[in-house]
Amino acid sequence: MSSQEIAIEPKLNYLNCDYSIKSWLLTTDHKRIAWLYMMAITFFFTVGGIAATLMRLNLLEPQGLLVEPETYNKLFSIHGIIMVFFFLVPSIPAVMGNFLLPMMLGARDVAFPKLNLLSWYIFMTGGSLVLYAVIAGGVDTGWTFYTPLSTLYLNTHVMAAAGGVFIAGFSSILTGLNFVVTIHKMRAPGLTWFRLPLFVWAMYAASIIFIIGTPVIAISLFLIVVERIFHVGIFDPSLGGDPILFQHLFWFYSHPAVYVMILPSMGVISELITAFSRKRIFGYHFVAFSSVAIAAIGFLVWGHHMFISGQSVYAGLVFSALSMAVAIPSAVKVFNWTATLYKGSISYEAPMLYALGFIGLFTIGGLTGLYLATTGLDQHVHDTYFVIAHFHYIMVGGAVMGYLGGIHYWWPKMTGRLYPDGWARVAAIIVFVGFNLTFFPQFILGYLGMPRRYAVYPPEFHTLNVISTAGASILGLGYVIPLIYLAWSVRYGPIAGPNPWKATGLEWTTSSPPPTHNFEETPIVTEEPYRYDRLAEEIHVA
Amino acid sequence: MHNSQAVVAEQFDDRVQQHEAASLGMWIFLATEIMFFGGLFTGYTVYRNLYTTAFETGSHLLNARIGALNTAILIASSLTMALAVHSAQTGKRAKLIFFIISTMCLGAAFLLIKFFFEWTHDYAEGFVPGLHFTYAGPHASHVALFMCFYFIMTGVHALHMVAGEGVLTVLLIMAWRGRFSQERYNAIEMMGLYWHFVDIVWIFLFPLLYLLGARF
Amino acid sequence: MPHAFPLFPQEASTVAPAVDHLFYFLTAVSIFFASLIFLLIFYFAVKYRRRSKDEPPPKNQVINNIPLEVTWTVIPMILVAIMYLWGAEIFVRNAQPPPNALEIFVIGKQWMWHIEHNNGKREINALHIPAGVPVKLTMTSQDVIHDFSVPAFRMKMDVVPDRYTTEWFEATQPGKYRLFCDQYCGMGHALMRGWVYVMTPQDYQRWLTSGVTGQTMAEQGAALYNQLGCVTCHGTGKGPPFAGLYGRTVKLSDGTTVVANDAYIRESILDPSAQIVNGYPAIMPTFKGQVSEEQILQLTAYIKSLASTESNTGAP
Numbered sequence: 000m001s002s003q004e005i006a007i008e009p010k011l012n013y014l015n016c017d018y019s020i021k022s023w024l025l026t027t028d029h030k031r032i033a034w035l036y037m038m039a040i041t042f043f044f045t046v047g048g049i050a051a052t053l054m055r056l057n058l059l060e061p062q063g064l065l066v067e068p069e070t071y072n073k074l075f076s077i078h079g080i081i082m083v084f085f086f087l088v089p090s091i092p093a094v095m096g097n098f099l100l101p102m103m104l105g106a107r108d109v110a111f112p113k114l115n116l117l118s119w120y121i122f123m124t125g126g127s128l129v130l131y132a133v134i135a136g137g138v139d140t141g142w143t144f145y146t147p148l149s150t151l152y153l154n155t156h157v158m159a160a161a162g163g164v165f166i167a168g169f170s171s172i173l174t175g176l177n178f179v180v181t182i183h184k185m186r187a188p189g190l191t192w193f194r195l196p197l198f199v200w201a202m203y204a205a206s207i208i209f210i211i212g213t214p215v216i217a218i219s220l221f222l223i224v225v226e227r228i229f230h231v232g233i234f235d236p237s238l239g240g241d242p243i244l245f246q247h248l249f250w251f252y253s254h255p256a257v258y259v260m261i262l263p264s265m266g267v268i269s270e271l272i273t274a275f276s277r278k279r280i281f282g283y284h285f286v287a288f289s290s291v292a293i294a295a296i297g298f299l300v301w302g303h304h305m306f307i308s309g310q311s312v313y314a315g316l317v318f319s320a321l322s323m324a325v326a327i328p329s330a331v332k333v334f335n336w337t338a339t340l341y342k343g344s345i346s347y348e349a350p351m352l353y354a355l356g357f358i359g360l361f362t363i364g365g366l367t368g369l370y371l372a373t374t375g376l377d378q379h380v381h382d383t384y385f386v387i388a389h390f391h392y393i394m395v396g397g398a399v400m401g402y403l404g405g406i407h408y409w410w411p412k413m414t415g416r417l418y419p420d421g422w423a424r425v426a427a428i429i430v431f432v433g434f435n436l437t438f439f440p441q442f443i444l445g446y447l448g449m450p451r452r453y454a455v456y457p458p459e460f461h462t463l464n465v466i467s468t469a470g471a472s473i474l475g476l477g478y479v480i481p482l483i484y485l486a487w488s489v490r491y492g493p494i495a496g497p498n499p500w501k502a503t504g505l506e507w508t509t510s511s512p513p514p515t516h517n518f519e520e521t522p523i524v525t526e527e528p529y530r531y532d533r534l535a536e537e538i539h540v541a
Numbered sequence: 000m001h002n003s004q005a006v007v008a009e010q011f012d013d014r015v016q017q018h019e020a021a022s023l024g025m026w027i028f029l030a031t032e033i034m035f036f037g038g039l040f041t042g043y044t045v046y047r048n049l050y051t052t053a054f055e056t057g058s059h060l061l062n063a064r065i066g067a068l069n070t071a072i073l074i075a076s077s078l079t080m081a082l083a084v085h086s087a088q089t090g091k092r093a094k095l096i097f098f099i100i101s102t103m104c105l106g107a108a109f110l111l112i113k114f115f116f117e118w119t120h121d122y123a124e125g126f127v128p129g130l131h132f133t134y135a136g137p138h139a140s141h142v143a144l145f146m147c148f149y150f151i152m153t154g155v156h157a158l159h160m161v162a163g164e165g166v167l168t169v170l171l172i173m174a175w176r177g178r179f180s181q182e183r184y185n186a187i188e189m190m191g192l193y194w195h196f197v198d199i200v201w202i203f204l205f206p207l208l209y210l211l212g213a214r215f
Numbered sequence: 000m001p002h003a004f005p006l007f008p009q010e011a012s013t014v015a016p017a018v019d020h021l022f023y024f025l026t027a028v029s030i031f032f033a034s035l036i037f038l039l040i041f042y043f044a045v046k047y048r049r050r051s052k053d054e055p056p057p058k059n060q061v062i063n064n065i066p067l068e069v070t071w072t073v074i075p076m077i078l079v080a081i082m083y084l085w086g087a088e089i090f091v092r093n094a095q096p097p098p099n100a101l102e103i104f105v106i107g108k109q110w111m112w113h114i115e116h117n118n119g120k121r122e123i124n125a126l127h128i129p130a131g132v133p134v135k136l137t138m139t140s141q142d143v144i145h146d147f148s149v150p151a152f153r154m155k156m157d158v159v160p161d162r163y164t165t166e167w168f169e170a171t172q173p174g175k176y177r178l179f180c181d182q183y184c185g186m187g188h189a190l191m192r193g194w195v196y197v198m199t200p201q202d203y204q205r206w207l208t209s210g211v212t213g214q215t216m217a218e219q220g221a222a223l224y225n226q227l228g229c230v231t232c233h234g235t236g237k238g239p240p241f242a243g244l245y246g247r248t249v250k251l252s253d254g255t256t257v258v259a260n261d262a263y264i265r266e267s268i269l270d271p272s273a274q275i276v277n278g279y280p281a282i283m284p285t286f287k288g289q290v291s292e293e294q295i296l297q298l299t300a301y302i303k304s305l306a307s308t309e310s311n312t313g314a315p
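Line by line, the protein sequences give chains A, B and C.
As numbered in numbering that gives the first Met the number 0, the first sequence has no gaps in its residue numbers, which increase by one up to the final residue, 541.
As numbered in numbering that gives the first Met the number 0, the second sequence has no gaps in its residue numbers, which increase by one up to the final residue, 215.
As numbered in numbering that gives the first Met the number 0, the third sequence has no gaps in its residue numbers, which increase by one up to the final residue, 315.
A portion of the hints provided could be inaccurate.
What the hints assert, rightly or not - Below, computed lysine-lysine pairings styled on BS3-like, alpha-carbon distance capped at 30 angstroms:
| # | chain 1 | residue 1 | chain 2 | residue 2 |
| --- | --- | --- | --- | --- |
| 1 | B | 94 | B | 113 |
| 2 | C | 237 | C | 250 |
| 3 | C | 237 | C | 287 |
| 4 | C | 175 | C | 120 |
| 5 | A | 10 | A | 501 |
| 6 | C | 108 | C | 175 |
| 7 | C | 120 | C | 287 |
| 8 | C | 58 | A | 501 |
| 9 | A | 342 | C | 58 |
| 10 | A | 501 | C | 46 |
| 11 | C | 108 | C | 120 |
| 12 | A | 113 | A | 21 |
| 13 | A | 501 | C | 52 |
| 14 | A | 21 | A | 10 |
| 15 | C | 287 | C | 250 |
| 16 | C | 58 | C | 46 |
| 17 | C | 135 | C | 120 |
| 18 | A | 10 | A | 113 |
| 19 | A | 113 | B | 91 |
| 20 | A | 342 | C | 52 |
| 21 | C | 46 | A | 342 |
The hints are simulated quantities; they were obtained by calculation from the structure and are not laboratory data.
Every value quoted in this text rests on a predicted model; they were computed, and no experiment measured them.
Only chain A is shown next, with the shape it has when bound in the complex (with noise of 0.2 angstroms):
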């Protein structure tokens, strides 16, 4: 390909070639399908991101500001269930895997293309039922849903919720379905599995999961459902049945559940740093090998939820081995991520900036996990506030910034133009100082021993929680300026042209915005991804 692009939007791509309501709810094309997703999840970021805006702003007061009790309690669970269920656990792979997936390997579309579709109207069938518990009055169980709390003590819209998860995880199991068969059998000529970007290796180990994963927790809130419409007591300990095995079930699910909101976006972060450093990545096989590793450890630790639940000592000692072991592979993506920038030319566009944040804070989010895989320690540190930072140093810090990192470096992809960069550097700024003020105190907190889902606290926790509040705010401003210039961008934005970056990978060898197929011919791959190394030749012979 020519270093010279001259920028000029194409004639006919997939976004102007109808412009019918009809043709964007009947699409089939996987590009159409993610801004279908983008949308709802933005959607539902933002009343997840209001639920959280209430909590803190009633945490600013030790006998809570702003609402009742009853309502925080049913504030966090909306925030949870939503943020976990529609914001996070979608994201990236409905987003940018649907997007990129069939582009990087080449293809035309992902393997089931109707089955896209389908999986998306799934989604918003579970979300809407989720609105409707949330306007109907709201759910109280937590997004754990442990029983028998949930089954026999709560009369909130406990069905309505737990239905609605159920349905929007038959979303995420036929996405799953559809990548891993995408990318077994649809990648173009020459393109080997060690030719893969890893984005997609991390696609796939996230697809795993979904496959493997998601059906436990379906039958566990289908079983929550059951007891409560017919009052047998499949976790009711006075009938013989037991809550603890509710635990087993939902953690069995949700413990891997996390690891697939953060395998793609440590897939975005390869990416971006490859691609603002100009390097190939160092170590690709064992970044590769990791996340799949990742993935499978990912399932044999979820007991490290419940060290102090009644669970035997023996249990939480296996656990908390093999919880130690799941860091490794982790460690070790940081440690060649961060090698990657040695010798390299680096730019600090706003996704270069998101991507070396999340490094730094998904590092400490990660180190912090140790301290609960830890089972003496954790027993001090369960269910505190230490947890919630820990979780939100990786969903935040991590997940959600490779999500705009990924988001604004292939802006100019998806809609064939460019956004203002340096505001976007400034909203990136914003974001990693107001989560680092909202997050850090809440470590300290956590540690003083101020348990989570507490609706009002004792006053010595008073100062650390006003600290944590205003974090919140800087925040929320950092995440609705993106809001602001991106959709700018789609109309006053200058044209992007084909490879604005000057990236390697497929998907940049084509137009912006892409025609509907993809690929004016399928491409033949005969390199490993990231060679920057041999850019530099050309431009040196050109």
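With chain A held as given, fit chains B and C onto it using these hints.
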């Protein structure tokens, strides 16, 4: 512009790729189904270990002969399904239609026996927790737990069979319209995989639910 | 109005320093690695920044270094192994209350803690204990899962319905320490809190015996033993006698053995046909619905108080 003779969907390069993709997709879907039923089997295993006697009592309350009859019916339906697949692969439209209908009839027989014989009988006897449970022997609540699992597991299984009947109906209509040929039989083959899977699940369910405790 | 806010909890139990030392170790490792990564990123980002828009990508890129990969895999493995073992030691120790521990009983219910001492003294949302004495809490819930958490002791344990869980600690200095419910349990979860009052042993004794006019737990259990009719079988040989039973290994009718502990006694009362003592008929009726959790604990206390008068192998 749909060419009714078009064999390969646009995202695929050729028939081979399309066939392989469909197969892999169906196998993965079956893997998810294994995990779905797996959650139920896990719960069953835990409670059976805890309440072995009560589970045996509960199992004795079920009619193992009817269960065995249903097992035979389902196995027969797997045979007719396999024959349907073979008919499709060899392009024999009449036989394909015959075997699809046979499979559907056997499946329907299974469902009729289950719903209109077994379950109505269970309800009349007061074995249905949450709706009509009057068993008053020892450990009634644990026997109720067994019955819970019985109804949920066979119910979810039956749901899968109903869905299967629905898909078979669609395939029957397509076969009637001559949509299948030696070059184009993916859907029948995939349905065969699904149907065999549903059969295999039942083969696990039958002994675990109907044959506990020494009997016969 | 906070004038100063704490950044670190008090150490008020014998295990707290061990937990804190482990915390310091993890924090040191975390600070080291986080700083290392932050500094390297910062250093590389500055040193290798793109100096001009048209700067070509670097040639001769190093993309592999197996010794490096092995090093940065093995060193973290060693560090996490240390964390694992260190934490496991504390965790296992926490699961093994000393045999002479002072037993106190906790019943959690939405949304309060009922606590009962052996001598019958009860308290709500408060736990008085002596310093320097290991205390073992035997806990159960009457409804949903709760959690009895004392951050100053670095200790918590879930409180589960229909079973007993235990936690133990030895407080080191007199004072007042927060008690939290730490498993979300519904509307009043955040209000299900209280205080642990650690007193000198003399003060504790004085507190324990003051204002107690009623019976000890064992005495109440003895009364129940008669009122509920347990004596009609267990006092006449129709059912296994209780003298010296607590803590002994019991032979069951299916040939297995079980230790007669709190959980065994509770199950025997609520679901007697689950485990039959060898040599006795399975005729004991269930008392489910007729005894509260508190009464079960009192009956257990009574059984515990019965010294062994003769050996009893469970056979007639």
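Now the hints, each set against the structure:
1. 94/B <-> 113/B: Judged against 30 angstroms, a Cα distance of about 28 angstroms means the pair holds.
2. 237/C <-> 250/C: Holds: residue 237/C and residue 250/C sit about 16 angstroms apart, inside 30 angstroms.
3. 237/C <-> 287/C: It holds: about 21 angstroms lies between the C-alpha atoms, which stays within 30 angstroms.
4. 175/C <-> 120/C: 19 angstroms, holds
5. 10/A <-> 501/A: OK: residue 10/A and residue 501/A at ~22 angstroms, within 30 angstroms.
6. 108/C <-> 175/C: 23 angstroms, holds
7. 120/C <-> 287/C: The hint holds at about 25 angstroms.
8. 58/C <-> 501/A: Holds - the C-alpha atoms of residue 501/A and residue 58/C are around 16 angstroms apart, at most 30 angstroms.
9. 342/A <-> 58/C: At roughly 10 angstroms apart (the allowed maximum being 30 angstroms), residue 58/C and residue 342/A satisfy the hint.
10. 501/A <-> 46/C: Roughly 22 angstroms separates the two Cα atoms, so the pair holds.
11. 108/C <-> 120/C: 18 angstroms, holds
12. 113/A <-> 21/A: 15 angstroms, holds
13. 501/A <-> 52/C: Measuring from Cα to Cα gives roughly 11 angstroms; hence the hint holds.
14. 21/A <-> 10/A: 21 angstroms, holds
15. 287/C <-> 250/C: 24 angstroms, holds
16. 58/C <-> 46/C: At roughly 17 angstroms apart (the allowed maximum being 30 angstroms), residue 46/C and residue 58/C satisfy the hint.
17. 135/C <-> 120/C: Given pair residue 135/C, residue 120/C holds - Cα atoms ~16 angstroms apart, limit 30 angstroms.
18. 10/A <-> 113/A: 26 angstroms, holds
19. 113/A <-> 91/B: 29 angstroms, holds
20. 342/A <-> 52/C: 17 angstroms, holds
21. 46/C <-> 342/A: With Cα atoms ~8 angstroms apart, residue 46/C and residue 342/A stay inside 30 angstroms; holds.
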